[in-house]
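Q: Each chain, letter by letter, is given below.
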Amino acid sequence: MFKWIHRFGSPPVVYRLCSLFSPWLGVAAAACLLAGLWLGLVVAPPDYEQGESYRIIYVHVPAAWMSMFVYVSMAVSSAVFLIWRLKVADVAAAAMAPIGAAFTAVALLTGSLWGKPMWGTWWVWDARLTSELLLLFLYLGYMALRGALADPAGASTSAGARSAAILAVVGIVNIPIIHYSVEWWNTLHQPSTITRMDKPAMHISMLRPLLLMAAGAQLLFFYNLTVRLRSGLLQREARARWVRDLADKHAT
Amino acid sequence: MTPRRRQRLILVALMLAGVGIAVTFGVTAFRENLMLFHSPADVAAGAVEPGRSFRVGGMVVDGSVQRDQQSLAVSFDLTDHAEVVTVTYDGILPDLFREGQGIVAMGSLDDSGVFVASEVLAKHDENYMPPEVADALERAGRMPGTESTFERATSVDP
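Respectively, the protein sequence lines represent chains A and B.
Read in order, the letters of the first sequence correspond to residues 7 to 258 in this note's numbering.
Read in order, the letters of the second sequence correspond to residues 695 to 852 in this note's numbering.
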């Protein structure tokens, strides 16, 4: 298994894999998101209680799920980097942070827009909203820490990379708090509709577009990751032989 | 796995366990403060003294809403199916406010035990369905309500 990690941890191999999958992921993400948006915003029926305004979940829920999924990926990647000192894992974690922060910001903003008409307030300091805001600060803190202690050469041995990785690993304790906040405490935010033990509390005609949007968001993340990973690897490995070979090939 | 890597693996695991335990303790200790609202049962048990500002959450009791004809003043009862708190409010209610709906109100108790609200928020439940399905469920008397949310809320009382 560790041999496997090292083989797939080699920057040129990862770069080639990313270049191979990137266009397919982009096309698949666009297809899922466009179909999901059309089905969700046009075809799906209105809600019995909220009318049309519930449709914001087609953006809000996938973004919120991804904000947590990306964080877990970033933390696992950072742990792999800390333990095996795998350069690719560090580049991957750094590439994920802005994507995750964007998903988190979208989840917070769309939630706020929905909260005003439905709850009667833009924001309330309940456990779910506060822990999600903390997640945004964890992403921003990770990026700031990396940036503040960055080595001009961008080497993975730099103090910035290591301290940011420790922050990412430690911050994962926030993820179960976000997920279970609506069960552990009284919150204004409603409990889970889909990710719960019981069957989803949502009619199938509304659920299908939501799952399609979730798949689209997932693909969008992987597409963004491949794009950012490629440029991250080129930057980090600018002096390496394989990058020079690649540049020569493009020049001719 | 080389000894160095194993050492780092143990270090990362210990770090995570340490922070995890610390956060668990912290969160348990501040359990009360992390609750957004108190239930009517808490209020009846005297968890909050009159005059102190807090939030109360529960279901609006059917038939309890009384509106003043001249102003925006409204009064209604909130219940968690254990106790009832009477709430008075003078302001605009959110769209989702209705009898049988989950509500979270911010305010304080006056001397007679009536909750004077300065803000009323609607608590939406986790059920989504088209209107026709809701009608069918209503006719069959199997409409899922917000009760479950507040039953859960009261079951975690200290």
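Hints are not guaranteed to be accurate.
With the C-beta cut set under 10 Å, the calculated list includes, among others, these residues of chain B facing chain A [as the list claims (entries may be wrong)]:
no. : residue
1   : 697
2   : 718
3   : 766
4   : 768
5   : 771
6   : 786
7   : 788
8   : 808
9   : 812
10  : 833
With beta-carbon atoms standing in for the labels, derived distance ranges [claimed, not checked]:
no. : chain 1 : residue 1 : chain 2 : residue 2 : range
11  : A       : 44        : B       : 806       : 54 to 64 Å
12  : B       : 709       : A       : 246       : 37 to 47 Å
13  : A       : 33        : B       : 780       : 51 to 61 Å
Hints were generated in silico from the structure; no laboratory data involved.
C-beta: ideal position from N, C-alpha, C; glycine also.
Q: Could you check if residue 768 of chain B really has its C-beta closer than 10 Å to a C-beta on chain A?
A: Hint violated; residue 768 of chain B Cβ to chain A Cβ min 14 Å, cut 10 Å.
Q: Between residue 44 of chain A and residue 806 of chain B, does the C-beta distance stay in 54 to 64 Å?
A: 56 Å, holds
Q: Would you check whether residue 718 of chain B satisfies its interface hint, that is, whether its CB is within less than 10 Å of any CB in chain A?
A: This interface hint holds because 8 Å falls under the 10 Å limit.
Q: A closest beta-carbon separation below 10 Å is what the hint needs, so does residue 808 of chain B meet it against chain A?
A: 21 Å, violated
Q: Measuring from the C-beta of residue 812 of chain B to each C-beta in chain A, is the shortest one below 10 Å?
A: 12 Å, violated
Q: Given residue 771 of chain B as an interface hint, is the shortest Cβ-Cβ distance to chain A below 10 Å?
A: At 19 Å from the nearest chain A Cβ, residue 771 of chain B fails the 10 Å test, so the hint is violated.
Q: Under 10 Å, Cβ to Cβ, is where residue 697 of chain B needs to be relative to chain A, so tell me if that hint holds or is violated.
A: Since the shortest Cβ distance to chain A is 12 Å, the answer is violated.
Q: Return the status of the interface hint for residue 833 of chain B: holds when the least beta-carbon distance to chain A is below 10 Å, violated otherwise.
A: Not OK, violated: residue 833 of chain B not within 10 Å of chain A, min 13 Å.
Q: Against chain A, with CB atoms and a cut of 10 Å, does the hint on residue 788 of chain B hold up?
A: Holds - the Cβ of residue 788 of chain B comes within 10 Å of chain A, reaching about 3 Å at its closest.
Q: Does the Cβ-Cβ separation between residue 709 of chain B and residue 246 of chain A fall within 37 to 47 Å?
A: Once the Cβ atoms are compared, 32 Å apart, the range 37 to 47 Å for residue 246 of chain A and residue 709 of chain B is violated.
Q: Residue 33 of chain A and residue 780 of chain B, beta-carbon distance inside 51 to 61 Å?
A: The hinted range 51 to 61 Å holds for residue 33 of chain A and residue 780 of chain B, with Cβ atoms some 60 Å apart.
Q: Given residue 766 of chain B as an interface hint, is its Cβ closer than 10 Å to any Cβ of chain A?
A: 14 Å, violated
Going through the hint list in order, the structure does not satisfy hints 1, 3, 4, 5, 8, 9, 10 and 12.
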